[in-house]
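Peer 1: Just so you know, the sequences run in chain order C and P. Per this note's numbering, the first sequence runs over residues 1 to 484. Per this note's numbering, the second sequence runs over residues 1 to 484.
Please note that the accuracy of each hint is not assured.
Identical copies go unnamed one by one, so any copy, or any two together, can satisfy a pair.
Said to hold, decoys possible - Only pairs whose alpha carbons sit at most 20 Å apart, straight line, appear in this in silico SDA-like list of lysine to any residue:
no., residue 1, residue 2
1, Lys-173, Arg-446
2, Lys-299, Ala-223
3, Lys-161, Ser-291
4, Lys-161, Asp-106
5, Lys-161, Ala-223
6, Lys-392, Ala-472
7, Lys-331, Gln-278
8, Lys-317, Ala-223
9, Lys-161, Pro-220
10, Lys-392, Trp-470
11, Lys-161, Glu-108
To be clear, the hints were calculated from the coordinates, so they are not data collected in a lab.
Protein chains: 2
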Amino acid sequence: MPNKVSARVLNSATEVLRKKLGAKVVHTDAAMLEAASYDSSRISVRPAAVVRPTKRAQIGVVLELANKHGIPVTPRGRGTTLMGSAVPIQGGWVLDLLALDKIEIDAEAGLAHVQAGAKVGDVQRAAAAAGWFYPPDPSSKEYSTIGGNIACNAGGMHGGKYGVTRDFVVALKGYLPTGEFVEWGTATRKFAAGFNLRDLWIGSEGMLGVVSDAVLRLIPAPAARWTLLTSFADEVSAFRAARALFGARVQPAICEFLDRYSVECAERAMRTTIFPGQPGKPVILLELAGSEAELADAKQAVLAWARAHAVGHREAKTREEAESLWAVRRKCSGAMFQMGDAKLNEDITVPLGAYEEFAVWLEQLRVKSRLAIPTFGHLADGNLHVNIMYHKAAPRECRAAERAVLALMKKVVALGGAISGEHGIGLAKTPFLRMQHSPAQVRAMRAVKDALDPRGILNPGKMFDVFEVWKAPRVAVSFPWDHK
Amino acid sequence: MPNKVSARVLNSATEVLRKKLGAKVVHTDAAMLEAASYDSSRISVRPAAVVRPTKRAQIGVVLELANKHGIPVTPRGRGTTLMGSAVPIQGGWVLDLLALDKIEIDAEAGLAHVQAGAKVGDVQRAAAAAGWFYPPDPSSKEYSTIGGNIACNAGGMHGGKYGVTRDFVVALKGYLPTGEFVEWGTATRKFAAGFNLRDLWIGSEGMLGVVSDAVLRLIPAPAARWTLLTSFADEVSAFRAARALFGARVQPAICEFLDRYSVECAERAMRTTIFPGQPGKPVILLELAGSEAELADAKQAVLAWARAHAVGHREAKTREEAESLWAVRRKCSGAMFQMGDAKLNEDITVPLGAYEEFAVWLEQLRVKSRLAIPTFGHLADGNLHVNIMYHKAAPRECRAAERAVLALMKKVVALGGAISGEHGIGLAKTPFLRMQHSPAQVRAMRAVKDALDPRGILNPGKMFDVFEVWKAPRVAVSFPWDHK
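Make a model of the complete structure from these sequences and hints.
Peer 2: Here you go:
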């Protein structure tokens, strides 16, 4: 635990910081403090100041001073995380990186040089304009930042074929919790000089250092895409079919699954059935990407697979038709709030070999808990979003949701899966960390934390301290990135 | 620095270990000790025992006892490393992982479950038999182990398109220096739960933990390959041409460069000129991989590029012809010993944008040092093998080689490159670590080392302690993997 800093020390350090960096960088007005008090978890704790650096070196100044006085510092991008990872749970300073948002594409080398506050969607567009492709695509990509994506090693729909954020980070620049500037890796695709602190930082949720800049690897943009929507008799059939597809060495760029409950949500929201005459069937939405020649071969394999396994399939002949198929996926998430006013969105992973067993178990959990648990996700990497819906005002449902999430986490670990595939731990998953990791593993992670952040100032209270998110009050705010 | 262990403590601990694990696991005969005293660096220090576990849990027993008594433990695969990383420089115990060599392919999920001692070539063949492909291919692959490849984050010729070992490691099992068993990651392609100690272990040269098992990601085997040998007027033209190729978004599976000196070595060894009438021209050897349809498109682009940039090109029409083109690459390395009986083989990286500048500078270095410095390497990821050749008995050449290697390292760091792309630091690159890394970076790496290995028992004396390899005596041994 970090030393609690006194209000006197905190206020005087904030004044020192304001003198050093100016009132345009160090903010203490109520509106800024309120806005930085929560992220998409809607858990809220007011910080003493919001620092928004406009130059990289200011990050070092903030951390050096914070380290000297033991002041908690919570790094922040847009705050789209659902895990509470950006909530300044111990107060102190919020380090807001949104003003550092430069993007430069090295079109020849296929590298993007970006600052932490750059928006992922903007990086993708800048890359595309130069004929390159940046695959990681969390659903928050039009809001979330590269820094935030690095902090939780964000994934998205392209993970199965292309990988996640980690797979595209070539080098990082940033600051240790002591305020010292460091560079991990160079703008070359190989680097084997010294311990790999670049990758240790990736996914460290702003607890081991603050990223200011990243070099990202790009890949040639696929020339063509082809989209197919398939429906299945039930979830077990859909999962079995997915295994058959991967077993046949087909690598779709995207392979999104929606269970019958997610499909029902989407169908209600769209006021139509996806496959006429077959309402509420689980679907798999596939996208192939590659050269025209590649796709021509792969299409035939996928269509043969669909005829053998699916009860229905529909091919998009144009980009507009593909968009209409994608509408199903986009509608399902927001429409879930018909089933409850609170959601525990768990981004677990399940190994391929356990898919059917998990589908059967999840159906039993629904029956036992008497809760709606619509589930969708990325089948090519086993990353499923299990959405446990409940009503905050109904005590039975609250208890059932808490029991259901604990049972879910135990089950995925027992199956050889992970409690988080792409969201990270933050506050929300802290009760489950020790299901995933043995005492020795937790001790090793804490030892690394203490080694790099001896005063425990960087994003304190996260990962290791247990926080029962389902008992925490939430602020009533809506975000532009809420699924409507 | 670790506490030096007394001979009495070491001998009695060795006896305890032998009682625990048996004489078939704990070896102290002279032949075993001698063979484990060196790696391909040929620097030699006798250990007190060689421990070759036949069961995973024995690794924990070794480390727990070593940690208790402060005994140096040097993990070891085949010892193909050129860096001295496997030399037990402070004595103690060598932990030889060769007997743990199981390989299991999960053909459906496209994953290889392997033990640390499994040979890389065997993993590739097992994957290929199941229709999958494991791309990392260091030239030592018919000898080197997965554990060793993970220890130095080995690369090889496929790095530019497919990535290096790190890019294929999904999960690791192994032991902390304290002997505690840990698992980093699960057999799923996404994992965002806790700090990423999996990747911290990758490339940590056996200094932060001992890997016993790995889960490796496989990719669908490319259906077809196509090979083209191209020659260029000079090195600068070759480098400029490579930049044009990548800038055109062509991603060859392999893009090997040999400078004129490497080509001359190969031509002398093969007693023929590669392009008749054009002896001693630098070459680029390209291989495209993919579906037949993909290759058909890419071939046309590459041939157009060759006509525009190369002074000669030759396409392989059959696999046999491709093999004969590859013979050039394989011959060059061994033939270099015509130019000196000692070689400093430096696997530096250079950013794409600095290719021509580096070529000009390297030619100046040759003139100034009056040494042969044949250079070849992997152009798609900027990883060049710069071979500084000298005669051990010639004092001028020894001094010139030492000065040349220091100048080389300064230059690559100044260009934004790396002192090692795929070999690691070991002993041989310790004099250059602080050129690559600032004092803050080195402090952070050491802090991580001390946090995970508080008694400093695991592969001590490497990375941080400066060792001037060019002054060290070498044993006269030859290895099956020496380039002939």
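Peer 1: All the hints need checking, so say for each whether the structure fits it.
Peer 2: Hint check results:
{"no.": "1", "hint": "Lys-173 / Arg-446", "in the structure": "between (23 Å within a copy, 19 Å between copies)"}
{"no.": "2", "hint": "Lys-299 / Ala-223", "in the structure": "both (15 Å within a copy, 16 Å between copies)"}
{"no.": "3", "hint": "Lys-161 / Ser-291", "in the structure": "both (15 Å within a copy, 16 Å between copies)"}
{"no.": "4", "hint": "Lys-161 / Asp-106", "in the structure": "between (24 Å within a copy, 17 Å between copies)"}
{"no.": "5", "hint": "Lys-161 / Ala-223", "in the structure": "both (16 Å within a copy, 17 Å between copies)"}
{"no.": "6", "hint": "Lys-392 / Ala-472", "in the structure": "within (11 Å within a copy, 71 Å between copies)"}
{"no.": "7", "hint": "Lys-331 / Gln-278", "in the structure": "within (18 Å within a copy, 65 Å between copies)"}
{"no.": "8", "hint": "Lys-317 / Ala-223", "in the structure": "within (16 Å within a copy, 27 Å between copies)"}
{"no.": "9", "hint": "Lys-161 / Pro-220", "in the structure": "both (14 Å within a copy, 10 Å between copies)"}
{"no.": "10", "hint": "Lys-392 / Trp-470", "in the structure": "within (9 Å within a copy, 70 Å between copies)"}
{"no.": "11", "hint": "Lys-161 / Glu-108", "in the structure": "between (24 Å within a copy, 15 Å between copies)"}
Hint compliance for this structure: no hint is broken.
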